[in-house]
Amino acid sequence: MNHQASRELSHLLDEVNTNSPSDPTLALTPDGSAAAAITLDIPAEVQYVNILGACACAFLANLKQLAEPEITLYNLELAIQEVSVNIATHAYANSRGRIHMSAILSHQPLKITILLQDTGASFNPAVVPQPHFGELQEHGYGLFLVTQLMDEVEYKQIDGGSVWKLIKNLPVSVNS
Amino acid sequence: MNHQASRELSHLLDEVNTNSPSDPTLALTPDGSAAAAITLDIPAEVQYVNILGACACAFLANLKQLAEPEITLYNLELAIQEVSVNIATHAYANSRGRIHMSAILSHQPLKITILLQDTGASFNPAVVPQPHFGELQEHGYGLFLVTQLMDEVEYKQIDGGSVWKLIKNLPVSVNS
Amino acid sequence: MTNQMNIAIHENIVRIVTIAPEGRLDAFSAPKFREKVLGLIESGVKYLVLDLSQTPFMDSAGMAALVSALKQCRQHGGDVRMVWPQAEPVKRILSLTKFDRVFAMKNSVEEAVGSFLGAIKA
Amino acid sequence: MTNQMNIAIHENIVRIVTIAPEGRLDAFSAPKFREKVLGLIESGVKYLVLDLSQTPFMDSAGMAALVSALKQCRQHGGDVRMVWPQAEPVKRILSLTKFDRVFAMKNSVEEAVGSFLGAIKA
Ligand SMILES: Nc1ncnc2c1ncn2[C@@H]1O[C@H](COP(=O)(O)OP(=O)(O)O)[C@@H](O)[C@H]1O
Ligand SMILES: Nc1ncnc2c1ncn2[C@@H]1O[C@H](COP(=O)(O)OP(=O)(O)O)[C@@H](O)[C@H]1O
Chain A
1 MNHQASRELS HLLDEVNTNS PSDPTLALTP DGSAAAAITL DIPAEVQYVN
51 ILGACACAFL ANLKQLAEPE ITLYNLELAI QEVSVNIATH AYANSRGRIH
101 MSAILSHQPL KITILLQDTG ASFNPAVVPQ PHFGELQEHG YGLFLVTQLM
151 DEVEYKQIDG GSVWKLIKNL PVSVNS
Chain B
1001 MNHQASRELS HLLDEVNTNS PSDPTLALTP DGSAAAAITL DIPAEVQYVN
1051 ILGACACAFL ANLKQLAEPE ITLYNLELAI QEVSVNIATH AYANSRGRIH
1101 MSAILSHQPL KITILLQDTG ASFNPAVVPQ PHFGELQEHG YGLFLVTQLM
1151 DEVEYKQIDG GSVWKLIKNL PVSVNS
Chain C
2001 MTNQMNIAIH ENIVRIVTIA PEGRLDAFSA PKFREKVLGL IESGVKYLVL
2051 DLSQTPFMDS AGMAALVSAL KQCRQHGGDV RMVWPQAEPV KRILSLTKFD
2101 RVFAMKNSVE EAVGSFLGAI KA
Chain D
3001 MTNQMNIAIH ENIVRIVTIA PEGRLDAFSA PKFREKVLGL IESGVKYLVL
3051 DLSQTPFMDS AGMAALVSAL KQCRQHGGDV RMVWPQAEPV KRILSLTKFD
3101 RVFAMKNSVE EAVGSFLGAI KA
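Chains as they are written, first to last, in our numbering: chain A, 1 to 176; chain B, 1001 to 1176; chain C, 2001 to 2122; chain D, 3001 to 3122.
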């Protein structure tokens, strides 16, 4: 990660929790209980992108208070999968690179923020059209799914790459 | 990770593959196909250690040539779980900290090398006795399982912490 | 001299092939799925049952492979039936993307095969 | 005057409780498992069936909780039966650690409960 990129990342992490130190590998509050963060770095290859979603789901696996955990974790995994397959196949279309993920779990309200960062080619998501539903269309469902399944989606070009920020609010079961 | 610790880590990674650059976040060979590496950093809390094993298993999930994948992945997950629960509960008994994992998948022969690093208290595994099998013994199975399930296990004290190196040879199915 | 009777027998064989991805159908596995479908089409198959009942995860690359299978069958004068996944989250994605309107959805392989029999002009 | 007949009825109730962890039994969940067992022991239960058939993963902290349950039941004059996990890798760990010799292993909850009935002196 270059310097500008890591500054951007710190900035995004700061937005998530204003108490956070700039190092995303540290827990974000002094007592460590209010927020937790993990970081993961993998080869940007279609063979390995499944690791990102699996890891985010494992992060939440012991949160027994989640409502509809099966659906919530699946949708989170799918959104991460879509963004990272796009990074592997489009951003790094003609090159090899890495995907860096940070996941921040924060409370009150319970939510997970995922940052996915690459050093490949950037693009303008605003010009990507919606899929034509009900037609025999093969492509173009990826970004649609990401925006449908997440509560907030943000894409930023940074010096030497891009960062995706996905936020998923985590509904809590009334029984817990 | 402090400087000494990251130098140790590079050294361990170098042992794994002599072609490797010192940055564990990069693929270890020039063409990237012969080896792949991931890194993961999590809070050293019992609630989160499951992420490490899940991530290592996801790393291998698309290796269709694995023989007995269910057993192999389970044993890898369990060994990582045992080492990291020990780190969370013993190395960081009176403190909070992080666990840093690197996983390197290398070929010919196919194997995975796991490095688990902490900045907590170190100890001497040589003085840990074997469990008394067949008795009503509650504790002491963790390290026994790790050494039984992995092909190589190494523990090193480094300046300001410890590194565990686990190697698992990955048997390949004859049908593939 | 025996009276030789000529009995003309003509057989129509309609192959209805079920293909059931049992692991993840995603960007990694979709190329292999496409290859299998292409192999079937090239061997003359044009009626496919896409049985997703045992598919635990599917991304948009997997979905693209399903649409491609449908297109190819139709191009050859055939068609496709899809069997609902058991996994609730996968079902919801099929609804969200309106794939459940593009594909004729069935509750089982038997129902899918049966629904072809009425529709096929042999 | 009617002849009143006294019929003394005495009932022995032996509680055999089955506890079945359906998710991971590990360092995170083991404290909750121990709490459940302690609650049962305190309520007078001393015959437990530890049903691991639906347990997909178990670490040494989970195993420690099982041994603890066995110890407590025996201390109260009771005993434990264990039902084999369905997951093959978990089975192998029980053999590797010789837990299958420390615990009386059974193939089903029915078999486990049945095996108590012969052994219990009510
Ligand atoms: N990370 C990215 N970098 C560059 N281009 C991208 C990226 N993600 C998406 N795109 C562009 O947006 C288009 C739509 O993406 P998507 O909705 O995922 O559908 P698909 O990948 O199936 O075409 C892609 O075809 C590609 O041109
Ligand atoms: N990472 C570690 N740091 C410090 N001490 C450790 C560590 N790992 C293990 N130990 C010591 O080794 C002993 C045996 O560990 P283990 O075999 O996992 O059994 P258990 O954790 O059930 O006691 C522990 O009780 C502890 O004293």
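Calculated from the structure, these hints are not laboratory results. Accuracy of the hints is not assured; some may be wrong.
Derived coverage of chain D by chain B (criterion: at least 3 residues anywhere in the stretch with Cβ under 8 Å from a Cβ of chain B; other residues may be distant) [to be verified]: (1) 3044–3054; (2) 3062–3071; (3) 3088–3096.
The calculated lysine-lysine pairs, modelled on PhoX-like cross-linking and capped at a C-alpha distance of 25 Å, are [to be verified]: (4) 2036/C - 2091/C; (5) 64/A - 3036/D; (6) 3098/D - 3071/D; (7) 2091/C - 64/A; (8) 2036/C - 2046/C; (9) 64/A - 3046/D; (10) 3032/D - 3071/D; (11) 2046/C - 1064/B; (12) 1064/B - 3032/D; (13) 2046/C - 1111/B; (14) 3091/D - 3036/D; (15) 111/A - 64/A; (16) 3036/D - 3046/D.
All C-beta atoms, glycine included, are put in the ideal place defined by N, C-alpha and C.
Just to be careful, I want the Cα atoms of residue 111/A and residue 64/A compared with a cutoff of 25 Å; is the pair within it? holds (14 Å)
Straight-line alpha-carbon gap residue 3091/D to residue 3036/D, limit 25 Å: Holds. Residue 3091/D to residue 3036/D sits at ~23 Å (cutoff 25 Å).
Holds or violated: the region 3088–3096 of chain D covered by chain B, criterion of 3 or more residues with Cβ-Cβ distance under 8 Å? holds (count 6)
Does residue 1111/B sit within 25 Å of residue 2046/C, going by the straight-line distance between their CA atoms? violated (43 Å)
Under the criterion that the straight-line Cα-Cα distance not exceed 25 Å, is the pair residue 64/A, residue 3046/D satisfied? Outside the cut-off at roughly 29 Å; violated.
Residue 3036/D and residue 3046/D were given as a pair; does the straight-line alpha-carbon distance stay at or below 25 Å? Distance of about 13 Å is within 25 Å: holds.
Given the hint that residue 2091/C pairs with residue 64/A, does the C-alpha gap stay at or below 25 Å? holds (24 Å)
Please count how many residues of the region 3044–3054 of chain D have a CB within 8 Å of a CB from chain B and say whether that reaches 3. violated (count 0)
Is the Cα-Cα distance between residue 1064/B and residue 3032/D 25 Å or less? violated (37 Å)
Next pair to validate is residue 3032/D with residue 3071/D; report whether the Cα-Cα distance is within 25 Å. holds (17 Å)
Just to be careful, I want the Cα atoms of residue 64/A and residue 3036/D compared with a cutoff of 25 Å; is the pair within it? Holds - the C-alpha atoms of residue 3036/D and residue 64/A are around 16 Å apart, at most 25 Å.
Given coverage of the region 3062–3071 of chain D by chain B, tested with a Cβ cutoff of 8 Å and a minimum of 3 residues: Answer holds; 6 residues pass the 8 Å Cβ test.
Checked against the numbered hints above, the structure violates hints 1, 9, 11, 12, 13; every other hint is satisfied.
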